[in-house]
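Chains as they are written, first to last, in this note's numbering: chain A, 1 to 347; chain B, 348 to 759; chain C, 760 to 1054.
Calculated from the structure, these hints are not laboratory results. For glycine and all other residues, C-beta sits at the position ideal for the given N, C-alpha and C. Treat the hints with care, since some could be wrong.
[What the hints assert, rightly or not] Calculated from the model, a selection of chain C residues having no Cβ within reach of chain B, i.e. all distances over 12 Å:
no.: 1; residue: A836
no.: 2; residue: L849
no.: 3; residue: L918
no.: 4; residue: S944
no.: 5; residue: V1009
no.: 6; residue: A1045
[Stated by the list, open to error] Selected chain B positions facing chain C (Cβ under 7 Å, derived; list incomplete):
no.: 7; residue: T403
no.: 8; residue: A594
no.: 9; residue: Q627
[Stated by the list, open to error] DSS-like cross-link-like pairs, simulated, lysine-lysine; straight-line CA separation at most 27 Å:
no.: 10; chain 1: B; residue 1: K483; chain 2: B; residue 2: K393
no.: 11; chain 1: B; residue 1: K726; chain 2: B; residue 2: K652
no.: 12; chain 1: B; residue 1: K684; chain 2: B; residue 2: K432
no.: 13; chain 1: B; residue 1: K657; chain 2: B; residue 2: K622
no.: 14; chain 1: B; residue 1: K393; chain 2: A; residue 2: K299
no.: 15; chain 1: A; residue 1: K299; chain 2: B; residue 2: K456
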Amino acid sequence: MKWRAAAGFALGAVVLFGVAPAVLSDFRLSLLAKYLCFALVAVGIGLAWGRGGLLTLGQGVFFGLGGYAMAMHLKLADAGEGNLPDFMELYGQLDALPWWWRPFANPVFALAATVLLPMLVALALGTLIFRRRVRGAYFAILSQALAAAMVILLIGQQGTTGGTNGLTDIEGFFGYDLDDPVNQRMVYFIIAACLLGLLALVRQLMHSRYGELLVAVRDSEERVRFLGYNPATVKLVAYVAAAGMAGLAGALFVPAVGIISPALIGIVPSIEFVIGVAIGGRATLLGPVLGAVAVAYAKTTLSERFPGAWIYLQGALFVIVIAVLPGGLASLARLLRRQPHGRLEHP
Amino acid sequence: MSTIRGRVAVLCAALAVALVLPGCGSKTGETTSTGVTIDVSGDTIKVGLLNSLSGTMAISEVTVRDAIVLAIEEINAAGGVLGKKIQPISEDGASDWPTFAEKAEKLIKENRVGAVFGCWTSASRKAVKPVFEENKSLLFYPVQYEGLEQSPYIFYTGATTNQQIVPGLDYLKAQGKKSVYLVGSDYVFPRTANKIIKAYAAANGMTVLGEDYAPLGSTEFGTIVNKVKAAKADAVFNTLNGDSNVAFFKEYKSAGLTAATMPVISVSIAEEEVKSIGTQYLAGQLTAWNYYQTTTGSANDKFVKAYKAKFGADKPTSDPMEAAYVSVYLWKAMVEKAKSFEVEKVKGASDGITFQAPEGLVTIDGATQHIHKTARIGKIGDDGLITEVWNSGGPVKPDPYLKAYPWASGLS
Amino acid sequence: MTVVASQLFTGISIGAVLLLIALGLALTFGQMGVINMAHGEFIMAGAYTTFVLQSAITDAGVSLLVAIPVAFAVAGAMGVLLEFLLIRRLYARPLDTLLVTWGVSLLLQQLARDIFGAPNVQTRAPEVLTGNTRIAGDLTMANNRLFILGLVVLAVAALTVALRLTSFGRRIRAVVQNRDLAAVSGVPTARIDRLTFFIGSGLAGIAGVALTLLGPIGPTMGTNIIIDAFLVVVVGGIGHLRGSVIVAFVLGVLQSSVEYLTTLSVAKVAVFVAIVAFLQWRPQGAFTLRTRSLA
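Sequences and hints are given; from them, build the entire structure.
As structure tokens, this is what we get:
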């Protein structure tokens, strides 16, 4: 089994670093970079939902926190020392940078914040929610409400957050001009490397003692409690880890696409993150990645040809995959091979 | 992958590849920083249509797309542009700003279109602006907007603030309205518009009695209307967008407020929106635009007739549709004057180009890339159409930064 | 003083609208534990029913009254269909139900867009419901909101009677409290489930009719309000109508008061914070059904 994982990683590396850049045009490669960002979010959802049974319908919030942290730094860097970002001069009529923007001028702080900020928010919210044993459907609805509240909050502060526009027109990435296709390529490679690295990390986590415990909490929280573990802590770790991954994805999305906006954070994009995970196979390692990329690709190509059809397809996918094939395509493959291990029953 | 070491080795290899490849990644001749060359091979010229065909904004943007298609068909029937037929390539922005940016890039880089027509919300325009600037490609933006912008690669064929909001305020002032209440959706256009209104009011002896914003899509206006009612303003300046208008006007009427006692002047309600809100709630209220379906003139008669023949007799024409329709003709005139599809030459030919539009004569102002337009205040009638009650008497010079208005000096 | 009174009325009427939307959910989610994200689209179906009926019956008042039972039947039928085709296969998987019904809601929205067009449609309200009633001095109450308040009171009363006093209600409560025990005692649980779903979805249809008096009628009208309604049921607590009723009015008044003092955006965020805080205090909602089950 282990050599297969190694072979898988090698194959992934060859495809991402060798084949894709060779055969795709600059434009399509930048689209792939975007899809891989979604895949990063999907890995986290796979961990929290597939393994931990925590259906987080608010991953957009963490994606957004990471994205905004990165975009704030890049906007400040674009503006130059002592200047205000362009949109702030236009809409904010501020004389000075708001205090909560200031630390983001520091690249180290901003980079750390892209991952740590979402994790902190998840930690705070998760502690409150899990400690009081709010779970299942309640948790899903609360995470959705969080996404809605976050969007309203961001939009309301137009002068300092760019409002509905979000933060756009990002020119440079740590001194590199993002207009240059060579640098766009570099961004793609960074994203691909992050994805591979994260997959290795999550694989390790899934196969660890903690990974077993997480699945146990998913399948029977009370039994785990009676065994002397605190399920709240177990769940919290998965939730916080997933938030960190979404934050990282958001941070990488910004240089790849050049924009972060509330449109990427709300209820609808948050639930869209989930569908790819469901299709690929929520409890597997690679399923969410492949599912997320496939869904994003399908969205781009289908909407190029038939705009309305994508919504029908998306709706149908939710219905068919989850009702009929809860294990996703990964379970289909397993069914064909008749190897009933790594089972997924009702989480 | 049996050991940590194995994993680390693979990762290191991956990272090494990542760091080496960029150096030899970019191939020459694909894209250059001097912009993308337009595809002029064959006997057609491609143009991009970038509108939301799905999602919340589809309500408004589909009609804009239809108007652009109408203009393209008319031009093609008359022989095309520089001997080439226009081939429209339509993309769906899906009411999602990052998708707009992605689709714009696709139209420019993969289809190599001559120009792109579309976008509606300010947010979608802001999202695509860097794409057009970076690739040195043209966007024609057909919707009234908040001004304070002048991208070298965008032509703005809708009104800027001094062609819509300022005339609206002038009209209220002439009607003897001394106080206004501002209601708007929470996004860039209403907030910027209200900033301008407050500056105008301060300089013109008007009082602003209150200012309220509702999140986009919000349909709960009980409290806001209560506040408006308690403020007893002479008029309400409404910059709400989309669905919110329906809820606002229903609430407004239930509160017993009428056009006679406290008129509402709206800048985002055109004929299409009147239809979906209902004249029961709107009759007698005011709007500020540059064009109405009822605008007189043979160019408009022809436009309205052609539109209804193609899309249905019950479909009204509106200001953004007209501005989109006009933008195609303006592009054609620019290309023909430049005798080239090349972006820089087309831009260079823009100044002074005129067109007998449905709204009357329009002229491109080359310096700002906006157009001279006639401002019109209209009153909503019981039949759902808007009739003009006042106009600026002739085209108003576009002034996106309001430089000619001393009271606006602190705004930009 | 007038302002306080009229704000209080606004808050109560916001609560009434919330409750009308949440009432159906209180049955399907509160009683059965099914999270039906397509509930919002049943509301939409009710609103479009009003629109379609109005093209047949021109008198606005008559068509509105006719629309109430018809919308109840239409939305109820859609609910039963959904229950029969999908939800009954998923009773053991509540989270999957959420995602499946989200998919259904996308399908229904796009279907509405293809049938009725993307733009909103309009209905004419009877003239009396567009006016207001003067209480004292400057204090007026909008007739459409009074109408909705009346509708909610009627619906809650009818539902309470049905649940408390009829044999159907006893069976529902039996299934809610212990499905297995109810089944072995001879309660036809599958049929009860379907009936509950019919009524819950039908109430969404009625909410749709009421919303035509207040807001837009379009493909996405349901999605915008559904999360608020879910929160009402979550905070109200499972298994009791009482909880949802009280919470809806409290949240309505809270939102309108905070909004009056600040802005709607702040009010929405404040409501969310209040809910998370409340769940810290009472994680199972305001009122809970006492059971010995651990889950």
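To see whether the hints hold, each was checked on the structure:
1. Every C-beta of chain B lies more than 12 Å from that of A836/C, the closest at about 26 Å, which supports listing it as non-interface.
2. For L849/C, the condition that its CB be more than 12 Å from all CB atoms of chain B holds, with the nearest at approximately 28 Å.
3. Every CB of chain B is more than 12 Å from the CB of L918/C (nearest about 24 Å), matching its label as outside the interface.
4. No beta-carbon of chain B comes within 12 Å of the beta-carbon of S944/C; the shortest separation is about 45 Å.
5. The claim that V1009/C lies off the interface holds: its Cβ sits roughly 16 Å from the closest Cβ of chain B, which is beyond the 12 Å cut-off.
6. In this structure A1045/C is separated from chain B by more than 12 Å, as the shortest Cβ-Cβ distance comes to about 23 Å.
7. Interface restraint check: T403/B against chain C, minimum CB-CB distance 6 Å, threshold 7 Å, status holds.
8. Because the beta carbon of A594/B sits about 4 Å from the nearest beta carbon in chain C, less than 7 Å, this interface hint is met.
9. Annotation: Q627/B was flagged as interfacial toward chain C, and the flag holds, the nearest CB pair being 6 Å apart, inside 7 Å.
10. Between K483/B and K393/B, the direct Cα distance comes to roughly 16 Å. Compliance with the 27 Å bound is thereby established for this hinted pair.
11. A distance of roughly 22 Å separates the Cα atoms of K726/B and K652/B; the hinted pair therefore holds under the 27 Å criterion.
12. Restraint check: the Cα-Cα separation between K684/B and K432/B comes to about 17 Å, which is no more than 27 Å; the hinted pair holds.
13. Proximity of K657/B to K622/B is assessed by CA-CA distance (about 19 Å); at most 27 Å being required, the pair is judged to hold.
14. Proposed proximity of K393/B and K299/A is supported: the alpha carbons are some 23 Å apart, at most 27 Å.
15. Pair hint K299/A plus K456/B holds up; C-alpha atoms about 19 Å apart against a cutoff of 27 Å.
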